[in-house]
Amino acid sequence: MILESKTIRIRYVEESDAEFILKLRLDERYNQFLSSVNPDFKAQRDWIRKYKVDEADNKQFYFIIERHDGVPCGTVRVYDLQDDSFCWGSWILNEDKTRYSAIESAFLVYEFGFDVLGFTQSHFDVRKGNEKVISFHEKMGALKTHESDVDYFFKISKEAVLSAKEKLKDKLL
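Residue numbering for the sequence shown follows the numbering used here, starting at 4 and increasing by one per position.
To be clear, the hints were calculated from the coordinates, so they are not data collected in a lab. Given the structure is predicted, the values throughout are model-derived calculations rather than measurements. There may be inaccurate statements among the hints.
Said to hold, decoys possible - Only pairs whose alpha carbons sit at most 25 Å apart, straight line, appear in this in silico DSS-like list of lysine-lysine:
(1) Lys131 with Lys158
(2) Lys135 with Lys170
(3) Lys55 with Lys45
(4) Lys131 with Lys9
(5) Lys172 with Lys158
(6) Lys62 with Lys158
(7) Lys135 with Lys172
(8) Lys9 with Lys168
(9) Lys147 with Lys158
(10) Lys62 with Lys161
(11) Lys142 with Lys172
(12) Lys9 with Lys142
(13) Lys142 with Lys170
(14) Lys135 with Lys158
(15) Lys53 with Lys26
(16) Lys45 with Lys9
(17) Lys168 with Lys142
(18) Lys161 with Lys142
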């Protein structure tokens with residue numbers, strides 16, 4: 004599966020991506036608001052191998068975000084598939100990202116969830132304190148539904164995403 008936008012694309016994770024993912028998730032510049040990960044390369048590769056079974060069963064989808072020249076610059080995951088909604092997270096972009104890779108990768112995730120999988124809305128959580136990401140989602144039209152001690156929970160409709168995409172089309176095309 005490959006979906007493309009102006010400067011990036013997303014593709015399914017492969018076992019050969021284990022080293023990149025591990026390096027990204029262990030980097031303190033990017034992992035402040037993520038769950039911890041086992042620092043063992045073999046464990047990461049084994050996790051991907053097990054994940055591929057879920058991918059084949061359409062239970063979850065893990066993507067590498069890469070520039071058009073093939074340089075990987077991030078990850079994102081789609082999971083917790085419900086009746087009319089999908090969750091996404093594990094969203095990390097490194098210093099190799101393009102200027103608009105955050106917005107482009109978000110829209111590619113929504114394209115995948117809405118157009119490929121057929122959902123009408125998305126739900127997700129963001130760690131409290133992750134103000135840039137909270138602001139990003141709210142500007143896209145996401146609504147805060149509730150909170151826990153550590154997370155804010157959001158939902159966003161396909162219509163809100165389409166509206167945001169229309170407003171930002173000059174940056175995306």
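Cross-check of the supplied hints:
A distance of roughly 16 Å separates the Cα atoms of Lys131 and Lys158; the hinted pair therefore holds under the 25 Å criterion. Only pairs whose Cα atoms come within 25 Å are accepted, and Lys135 paired with Lys170 is accepted, the gap being roughly 19 Å. For the given pair, Lys55 sits about 15 Å from Lys45 by alpha-carbon distance, which is consistent with the 25 Å threshold. For the hint pairing Lys131 with Lys9, the CA-to-CA distance comes to about 31 Å; that exceeds 25 Å, so the pair is violated.
As the CA atoms of Lys172 and Lys158 are separated by approximately 22 Å, the hinted pair is consistent with the 25 Å bound. Proposed proximity of Lys62 and Lys158 is supported: the alpha carbons are some 20 Å apart, at most 25 Å. Under the criterion of a C-alpha separation no larger than 25 Å, the hint pairing Lys135 with Lys172 is consistent with the structure, at around 21 Å. Our distance criterion of 25 Å between C-alpha atoms is met by Lys9 and Lys168, whose separation comes to about 13 Å.
Only pairs whose Cα atoms come within 25 Å are accepted, and Lys147 paired with Lys158 is accepted, the gap being roughly 7 Å. Simply put, Lys62 and Lys161 have alpha-carbon atoms about 20 Å apart, close enough for the 25 Å limit, and the pair holds. This hinted pair checks out: Lys142 and Lys172 have alpha carbons roughly 15 Å apart, not beyond 25 Å. Proximity of Lys9 to Lys142 is assessed by CA-CA distance (about 21 Å); at most 25 Å being required, the pair is judged to hold.
For the hint pairing Lys142 with Lys170, the CA-to-CA distance comes to about 11 Å; that is within 25 Å, so the pair holds. Simply put, Lys135 and Lys158 have alpha-carbon atoms about 17 Å apart, close enough for the 25 Å limit, and the pair holds. A hinted pair counts as satisfied when its Cα atoms are at most 25 Å apart, and Lys53 with Lys26 qualifies at roughly 20 Å. For the suggested pair Lys45 and Lys9, the alpha carbons sit about 34 Å apart, so the restraint of at most 25 Å is broken.
For the hint linking Lys168 to Lys142, the alpha-carbon distance of about 11 Å falls within 25 Å, and the restraint holds. For a cut-off of 25 Å, the pair hint linking Lys161 to Lys142 stands: about 14 Å separates their Cα positions.
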